[in-house]
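Protein chains in written order, with my numbering: chain R, 299 to 522; chain P, 6 to 225.
Calculated from the structure, these hints are not laboratory results. All C-beta atoms, glycine included, are put in the ideal place defined by N, C-alpha and C. Please note that a few of the clues may not be correct.
[What the hints assert, rightly or not] Pairs of lysine-lysine residues, derived as DSS-like cross-links and limited to a Cα-Cα distance of at most 27 Å, are as follows:
| no. | chain 1 | residue 1 | chain 2 | residue 2 |
| --- | --- | --- | --- | --- |
| 1 | R | Lys361 | P | Lys36 |
| 2 | R | Lys361 | P | Lys150 |
| 3 | P | Lys67 | P | Lys224 |
| 4 | R | Lys361 | P | Lys198 |
| 5 | R | Lys405 | P | Lys171 |
| 6 | R | Lys361 | P | Lys56 |
| 7 | P | Lys18 | R | Lys495 |
| 8 | P | Lys18 | R | Lys447 |
| 9 | P | Lys28 | P | Lys67 |
| 10 | R | Lys447 | R | Lys322 |
| 11 | P | Lys150 | P | Lys34 |
| 12 | P | Lys198 | P | Lys12 |
| 13 | R | Lys455 | P | Lys198 |
| 14 | P | Lys108 | R | Lys447 |
| 15 | P | Lys108 | P | Lys28 |
| 16 | P | Lys12 | P | Lys56 |
| 17 | P | Lys12 | P | Lys28 |
| 18 | P | Lys36 | P | Lys18 |
| 19 | P | Lys67 | P | Lys18 |
| 20 | P | Lys34 | P | Lys18 |
| 21 | P | Lys36 | P | Lys175 |
| 22 | P | Lys171 | P | Lys224 |
| 23 | P | Lys108 | P | Lys150 |
| 24 | R | Lys447 | R | Lys405 |
| 25 | P | Lys56 | P | Lys36 |
| 26 | P | Lys224 | P | Lys150 |
| 27 | P | Lys200 | P | Lys56 |
[Said to hold, decoys possible] Which residues of chain R face chain P? A few of them, derived with a C-beta cut under 8 Å, are:
| no. | residue |
| --- | --- |
| 28 | Gly330 |
| 29 | Ile367 |
| 30 | Lys370 |
| 31 | Leu379 |
| 32 | Ser410 |
| 33 | Leu412 |
| 34 | His413 |
| 35 | Thr431 |
| 36 | Ile433 |
| 37 | Gln434 |
| 38 | Ile469 |
| 39 | Tyr504 |
This is what each chain is made of:
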Amino acid sequence: MSNTTVEERSQNPGSHLEEMTEGKQTLQFEKGERIYTQGNPSDAVFFIQQGKVKVTAVSPAGKEATLSIHGKGDFFGLGCLSGLNGQNLRVNTATTVEPSLLLRIEKSAMVSALHQHQALRRSFIDYLLTCNTNIQEDLCDQLLHPSEKRLARVLLKLSRLAENGDEAEVILPRFSHETLSEMVGTTRSRITYFMNKFKKMGLVHYGRDLVVHAGLLAEEVLSK
Amino acid sequence: MKTIREKKLLCFKPFLDDIVEGKRPLRFKRKQRIYSQGDPADSVFFIEEGKAILTVVSSSGKEATLGVLHPGDFLGEGCLNEQPFRTHTATTWEPSLLVRIEKNALSQALHNNSTLAEAFIGQLLAHNIQFQEDLCAQLFNHSEKRLARLLLKLAHFGEKGSQPVKIAPKPSHEILAEMVGTTRSRVNYFMNKFKKSGLVYYDHGIVVHPRLLTEVIMKD
């Protein structure tokens, strides 16, 4: 692996994690199971092999917000790796949103793997750059856009994580309006109002699941 | 005792000195544009002295500030990840000394030098945490707390212990409003409130008292 050139696109870090032999453990989670909780000691990072995980935080006043949803090939719980900000405790909570297969990697194992494997280091840098771009977009969205557009963006983001994410109609598990409101940063009643509006416009419809017409939604709501 | 920022500067400086090609130091005046949203992204900047702020403009013309960067920070690193255009605008806040490093030169250096790559990962993680905190603040806090948080951030609070710190040059209420994501009149209102409570005062800049943290941010 070490003779790859810098010009080549790096692979997902996941393929390099297989070489790790110690400090690594595969864990199976049911849907809705807590992986770690805000305030827990922060001593491992997680990598998603299968499934989806949401990361939420609770403010001192008890308000809850969903910060991100991660899918296959994503890391979460990376805070413990940062030397400068040295987070010893989890600052957020991670919960599975569907049955998931996760790789739990001890902080020290991850640090030494990053130290030893050049290919892992490179793909991890790429991964973090992408993460930071995404979170920067979320922050822009929060600062610049009204809640209707933010809801449309959240739905599109969830669509991209879905199995058939590249099709015109994407099927999502039914997130409650409460969960959506936490992700958008608005009230549940606003979500109900906008979801009804989107339904009337033919941009989403409910069956057993939630169906999102991703292309139309982007066209009708985001580009206005 | 070295501050975190000084340590950060020292942790990258030797490696940047090792890069011989594709690098040049640039002096910027205060409030000078480093790059603009939409520009082709082909280089990364490293702050040796000074401060830079990152802003974005929406398609409807609304403006917001994403963050403040200090000595030891990189900016514009998104281009390392095939990002073809700048997604935000970077402007100096005060006279600054930056090092402009070609994308390929930095890529190569990260590839060849494991210590640099590890330090760089550390910075990316730190930025990631910072953005996540900002996102939380935006989702949780009302504009008064967000303004208090911003003032402490601009004042570089935490570096100099519990002494009042001055933010100079003095930012206009308009800029503060953009940075907080609220209106100018709300900023006026809260700044007057902070002034009356002795938490800030004006003196060729804004002097910020650390009590802002305990009396505004940590209060429910």
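Here is how each hint holds up against the structure:
As the CA atoms of Lys361 (chain R) and Lys36 (chain P) are separated by approximately 38 Å, the hinted pair breaks the 27 Å bound. Among the hinted pairs, Lys361 (chain R) with Lys150 (chain P) is consistent with the structure: their alpha-carbon atoms are about 15 Å apart, no more than 27 Å. Restraint check for Lys67 (chain P) and Lys224 (chain P): the C-alpha separation of about 30 Å exceeds 27 Å, so the hint is violated. Of the pairs offered as hints, the one joining Lys361 (chain R) and Lys198 (chain P) holds, with about 25 Å between alpha carbons and a cut-off of 27 Å not exceeded.
At roughly 38 Å between alpha-carbon atoms, Lys405 (chain R) and Lys171 (chain P) are farther apart than 27 Å, so this suggested pair is violated. Between Lys361 (chain R) and Lys56 (chain P) the alpha-carbon distance is near 33 Å, which puts this suggested pair outside the 27 Å criterion. For the hint linking Lys18 (chain P) to Lys495 (chain R), the alpha-carbon distance of about 54 Å lies beyond 27 Å, and the restraint is violated. For the suggested pair Lys18 (chain P) and Lys447 (chain R), the alpha carbons sit about 42 Å apart, so the restraint of at most 27 Å is broken.
Our distance criterion of 27 Å between C-alpha atoms is broken by Lys28 (chain P) and Lys67 (chain P), whose separation comes to about 34 Å. Restraint check for Lys447 (chain R) and Lys322 (chain R): not satisfied, since their Cα atoms lie roughly 40 Å apart, outside the 27 Å limit. Only pairs whose Cα atoms come within 27 Å are accepted, and Lys150 (chain P) paired with Lys34 (chain P) is rejected, the gap being roughly 31 Å. Between Lys198 (chain P) and Lys12 (chain P) the alpha-carbon distance is near 36 Å, which puts this suggested pair outside the 27 Å criterion.
Proposed proximity of Lys455 (chain R) and Lys198 (chain P) is contradicted: the alpha carbons are some 40 Å apart, above 27 Å. Proposed proximity of Lys108 (chain P) and Lys447 (chain R) is contradicted: the alpha carbons are some 34 Å apart, above 27 Å. A threshold of 27 Å between alpha carbons decides the hint, and for Lys108 (chain P) with Lys28 (chain P) the separation of about 10 Å falls inside it, so the pair holds. A threshold of 27 Å between alpha carbons decides the hint, and for Lys12 (chain P) with Lys56 (chain P) the separation of about 16 Å falls inside it, so the pair holds.
For a cut-off of 27 Å, the pair hint linking Lys12 (chain P) to Lys28 (chain P) stands: about 22 Å separates their Cα positions. Among the hinted pairs, Lys36 (chain P) with Lys18 (chain P) is consistent with the structure: their alpha-carbon atoms are about 25 Å apart, no more than 27 Å. For the hint pairing Lys67 (chain P) with Lys18 (chain P), the CA-to-CA distance comes to about 37 Å; that exceeds 27 Å, so the pair is violated. Of the supplied pair hints, the one linking Lys34 (chain P) and Lys18 (chain P) holds, its CA atoms being roughly 22 Å apart against a limit of 27 Å.
Proximity of Lys36 (chain P) to Lys175 (chain P) is assessed by CA-CA distance (about 12 Å); at most 27 Å being required, the pair is judged to hold. Restraint check: the Cα-Cα separation between Lys171 (chain P) and Lys224 (chain P) comes to about 23 Å, which is no more than 27 Å; the hinted pair holds. Simply put, Lys108 (chain P) and Lys150 (chain P) have alpha-carbon atoms about 38 Å apart, too far for the 27 Å limit, and the pair is violated. Annotation: proposed proximity of Lys447 (chain R) to Lys405 (chain R) is violated, straight-line Cα distance about 38 Å (limit 27 Å).
At roughly 10 Å between alpha-carbon atoms, Lys56 (chain P) and Lys36 (chain P) fall within 27 Å of each other, so this suggested pair holds. Taken as a hint, the Lys224 (chain P) and Lys150 (chain P) pair is honoured in the structure, with Cα atoms around 9 Å apart against an allowance of 27 Å. In summary, the hint linking Lys200 (chain P) to Lys56 (chain P) is supported, as the alpha carbons are separated by about 25 Å, within the 27 Å threshold. Taken as an interface hint, Gly330 (chain R) does not check out: its beta carbon lies about 22 Å from the nearest beta carbon of chain P, beyond 8 Å.
A cut of 8 Å between beta carbons decides the hint on Ile367 (chain R): the least distance to chain P is about 13 Å, and the hint is violated. Among the interface hints, the one on Lys370 (chain R) is violated; its C-beta lies about 20 Å from the nearest C-beta in chain P, farther than the 8 Å criterion. Using the Cβ-Cβ criterion of 8 Å, the hint placing Leu379 (chain R) at the interface with chain P is satisfied: the shortest such distance is roughly 6 Å. A hinted interface residue such as Ser410 (chain R) counts as satisfied when its beta carbon comes closer than 8 Å to some beta carbon of chain P; here the least separation is about 11 Å, so the hint is violated.
Interface restraint check: Leu412 (chain R) against chain P, minimum CB-CB distance 6 Å, threshold 8 Å, status holds. Interface restraint check: His413 (chain R) against chain P, minimum CB-CB distance 6 Å, threshold 8 Å, status holds. The closest approach between the C-beta of Thr431 (chain R) and any C-beta of chain P is roughly 6 Å, which is under the 8 Å cut-off, so the hint is satisfied. With its C-beta approaching chain P no nearer than about 4 Å, Ile433 (chain R) sits inside the 8 Å limit, and its interface hint holds.
Contact between Gln434 (chain R) and chain P, as hinted, is supported at the beta carbon level, the nearest pair being about 6 Å apart and thus within 8 Å. Hint on Ile469 (chain R) is violated. Least Cβ distance to chain P is approximately 27 Å, over the 8 Å limit. For Tyr504 (chain R), the shortest C-beta to C-beta distance to chain P is roughly 26 Å, which exceeds 8 Å, and the interface hint is violated.
Of the hints listed earlier, those the structure fails to meet are numbers 1, 3, 5, 6, 7, 8, 9, 10, 11, 12, 13, 14, 19, 23, 24, 28, 29, 30, 32, 38, 39, in rising order.
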